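Peer 1: Sequence:
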Amino acid sequence: MEIPELLAPAGSPDTFRVALNAGADAVYLSGKDFGARYYAENFSLREIREAVDYAHLHDRRVYVTLNTLIRDSEIPRVSDYLQELHAAGADAVIIQDPALLFLREELSIDIPLHASTQMTIHNMAGIRWAEEMGLERVILARELSVDEIMDITSKAGVDIEVFVHGALCYSYSGQCLLSSFIGGRSGNRGRCAQPCRKKYELIQLKPERRVVNLPWKYLLSTRDLSAYMNLDRLVDAGVRSLKIEGRMRSAEYVATTVSVYRRALDEIKKGGWRPSMREFERLKLTFNRTLTGGHLVGEDFMGREYPGDRGLPIGYVEKYSGGRALIRLTSETVPGRGDGLFFQENGIGIRLGDHLLDGGILSIPSKPVTPGSRVYLTGRRELQKFTEKLRSSHPPHLWDVELRFIATEDGEVHLTAEWSTDGRTLRESIETKFERALRRPLASDTIREQLLKAGDKPFRLSFAEFRYPGGLFHPISGLNALRRELLGRVEKRIIDEKRSGKVKEKKSSEKVSEGFGRGSAAWGGDGSPCISAYLEDLPSLERALMAGAGRVYFEPQIHTDFRECDWNDVRSILREASDIASGYDAEFVWKWPDITHDWLLRRLLKIEDEMRLNIMVGGCGIPGLIDGDVRIYGSSALNIYNSISAMLMSESFHMLTASPELSSEDLRGMEGNIEIPVHGNLTAMVTRDNPWRLVPHRFSTRSKSSWALKDSRGAIFPLNQLMGCETTIMNSKETCLIDFLPSLMEWGFRNFSIDCRIQSPERTGELVGSYIEALETPEMIGDIKERIVGDAEYGITASHFRYGLRE
222 MEIPELLAPA GSPDTFRVAL NAGADAVYLS GKDFGARYYA ENFSLREIRE AVDYAHLHDR
282 RVYVTLNTLI RDSEIPRVSD YLQELHAAGA DAVIIQDPAL LFLREELSID IPLHASTQMT
342 IHNMAGIRWA EEMGLERVIL ARELSVDEIM DITSKAGVDI EVFVHGALCY SYSGQCLLSS
402 FIGGRSGNRG RCAQPCRKKY ELIQLKPERR VVNLPWKYLL STRDLSAYMN LDRLVDAGVR
462 SLKIEGRMRS AEYVATTVSV YRRALDEIKK GGWRPSMREF ERLKLTFNRT LTGGHLVGED
522 FMGREYPGDR GLPIGYVEKY SGGRALIRLT SETVPGRGDG LFFQENGIGI RLGDHLLDGG
582 ILSIPSKPVT PGSRVYLTGR RELQKFTEKL RSSHPPHLWD VELRFIATED GEVHLTAEWS
642 TDGRTLRESI ETKFERALRR PLASDTIREQ LLKAGDKPFR LSFAEFRYPG GLFHPISGLN
702 ALRRELLGRV EKRIIDEKRS GKVKEKKSSE KVSEGFGRGS AAWGGDGSPC ISAYLEDLPS
762 LERALMAGAG RVYFEPQIHT DFRECDWNDV RSILREASDI ASGYDAEFVW KWPDITHDWL
822 LRRLLKIEDE MRLNIMVGGC GIPGLIDGDV RIYGSSALNI YNSISAMLMS ESFHMLTASP
882 ELSSEDLRGM EGNIEIPVHG NLTAMVTRDN PWRLVPHRFS TRSKSSWALK DSRGAIFPLN
942 QLMGCETTIM NSKETCLIDF LPSLMEWGFR NFSIDCRIQS PERTGELVGS YIEALETPEM
1002 IGDIKERIVG DAEYGITASH FRYGLRE
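Residue numbers (our numbering): 222 to 1028.
Since the hints were made in silico from the structure, they are not lab data. Among the hints, a few may not be true.
To be verified - With a straight-line Cα cutoff of 30 Å, these simulated DSSO-like cross-link-like pairs (lysine-lysine) come out:
| no. | residue 1 | residue 2 |
| --- | --- | --- |
| 1 | K420 | K931 |
| 2 | K610 | K588 |
| 3 | K678 | K719 |
| 4 | K827 | K931 |
| 5 | K427 | K438 |
| 6 | K678 | K728 |
| 7 | K674 | K253 |
| 8 | K606 | K678 |
| 9 | K713 | K253 |
| 10 | K610 | K674 |
| 11 | K610 | K253 |
| 12 | K491 | K678 |
| 13 | K827 | K376 |
| 14 | K654 | K610 |
| 15 | K419 | K1006 |
| 16 | K419 | K491 |
| 17 | K654 | K678 |
As the list claims (entries may be wrong) - Label pairs and their in silico Cβ distance ranges:
| no. | residue 1 | residue 2 | range |
| --- | --- | --- | --- |
| 18 | P586 | R1023 | 36 to 44 Å |
| 19 | E785 | E808 | 27 to 35 Å |
| 20 | N789 | E1014 | 51 to 59 Å |
| 21 | R430 | H875 | 56 to 64 Å |
| 22 | W437 | E785 | 20 to 28 Å |
| 23 | R612 | N451 | 29 to 37 Å |
| 24 | S294 | G593 | 24 to 32 Å |
| 25 | E872 | E706 | 52 to 60 Å |
| 26 | Q605 | R484 | 17 to 25 Å |
| 27 | G699 | R484 | 18 to 26 Å |
| 28 | N789 | D235 | 39 to 47 Å |
| 29 | E872 | S803 | 24 to 32 Å |
| 30 | Q605 | E526 | 25 to 33 Å |
As the structure is a computational prediction, the values presented were derived from the model and not from experiment. For every residue, glycine included, the Cβ atom is placed at its ideal position computed from N, Cα and C.
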């Protein structure tokens, strides 16, 4: 039975060694730049080369993450770095930005590229796009079920990788700007500040403003994923690689998770595997926020009560008396000396010393603790010892190397090593001279014994041929030196073979940037400017059109109740909206939700086939499913960050939306048929969680109500719901670039969008009219801005455009 690759994280050279020695087939790691875990220790270029060589010597693989979005100004550096990784022999590069696909071709290098989960590929349309673009592997979004994954693997023409363990993001990866909007630290640039682990309140804004009192404070905090209990289902699903998350976590975490999953996969391969509760508890001995099967098997993935490490629950305090806590054990795992315990009710942690164990009762000296308090095992001395042992060991793989020792009577010696790799037989040979023995000739057994000593080398040595006439002499130290030299050559050959064809003259990064044909996709040139509006209801649609919007992106709010996420008749709403728009000189565009799982995509395609509307989508593969003369617009979910990505995507999209994270310096000189988001509460997150299901039934969650989250600083983040039942969290402040319109016009941009999806019809008309007025009379922008800012309930911001991200 073929089993998937086990892929482990390495945030440092130390954890890299531990991961391989614990049984990982491959390791993913990052350099100091362009990786999605900027705050990990990470690897220098020299350390990457050393890691790749070590892995290849032990028949393992190394994937390097280059999974952040890239600015135009960074293209030369990224080009150089990609060439360095290729020369280092990296087995693949994990990417988020499509520009890397162009750079690989332009640089004429053959390094495999894997689509990061940051690309948010979650349906077959995305898989087909990845195949067409030449990606060798897709790392799926973590929001897919095992059944969805199985359906994808049965049809996919690329390798499929899925996460099986580690932290879960609240948002779809690649679709989270919350950290960026709050503090300027972007997850798309590897600098997420994890605002999802902070405290929030759920607020009803309408019909009346009031706080929903809930027993949980960490409303966005997720549990940690563990697919261990359902691992055989993922193996049967046909995925190519099983990925453990955790480049920011400890060596003990890596050692424990990799070894547990390694043992499970080996047993699945043999047949008859059953999940072990002892092994599952072992996974809880390292950092975890309570383990869940999550989206894979439809388990609750939220851990709203506490955002930190839980450890392993081992029992509860039955009694406290005389300075001792009596703990009733409920776990198969019994704590020992040196282990860490945590009393949840009292917030007390201790290191276990002297203790008594009698009939399932653990008696320990401690400060006063509350009877009934849950007790967690938070540290295990045994795991520290296990990790230390792995640090000094080697991966289990051994190369079978056959030796041929041929000596002639006059002392000529030929020693050859043969081994197989990738279906080929390789050889390394060495020649030397032995002397005729005067007193004590070498015995055959002595030669065999010395030459078969592999030491710490990854070789299993045997003789395929041994011919020795006897009567010769050579010092034992000489035999050892002969063996070391030969095995050193074998090591070097194994490493060199993995790099075969990869060492080549580096292409100038300046020449690379010339290759994408600047000016090939005009932005609109000297044409008339157009103000477009994002809308979700018919009254706002009409107000935007009356105010002069040149294009409307209509994403109808079709649910009658947010808690139930039920559907209204989409077709009738779209027909009415399209009829309204037909009475104005404006383009009507049906905006699809940015997340479209295959079940939803089939429904949308059926409606589109009937109505033939221009559409806006957030999935890179969807244009390939649309037939006929229909304009397709790309939403901000595509994360267009540079001119190369805009060029690549413009082949499928009529117009693209620039990422709202780009600064004025990033946008100046950017090319492509691009629209700039200039106003509105922009989308900060898209999640599968439904927070309305937390709301007591005395509150109405009908679609006429409105809701928000409130953080500890008092900032209000409005909530909305997509057609597929995903929740969107909007930025607390309205982006407002009205005073930068003249500059954007000067730089060649002509298309500007306003997000009015959570605005009232009156505010919608005011915003659209104000921006049109600003374009027509730029000298009045100051007065116009003052007018619209006064009606912005939660304030305005231009921070990204004005100052850029914090890096």
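Peer 1: So, against the hints stated earlier in the document, which numbers end up violated here?
Peer 2: Hints 2, 4, 6, 7, 14, 15, 16, 18, 20, 21, 24, 27 and 28 are the ones this structure does not satisfy, whereas the remaining hints hold.
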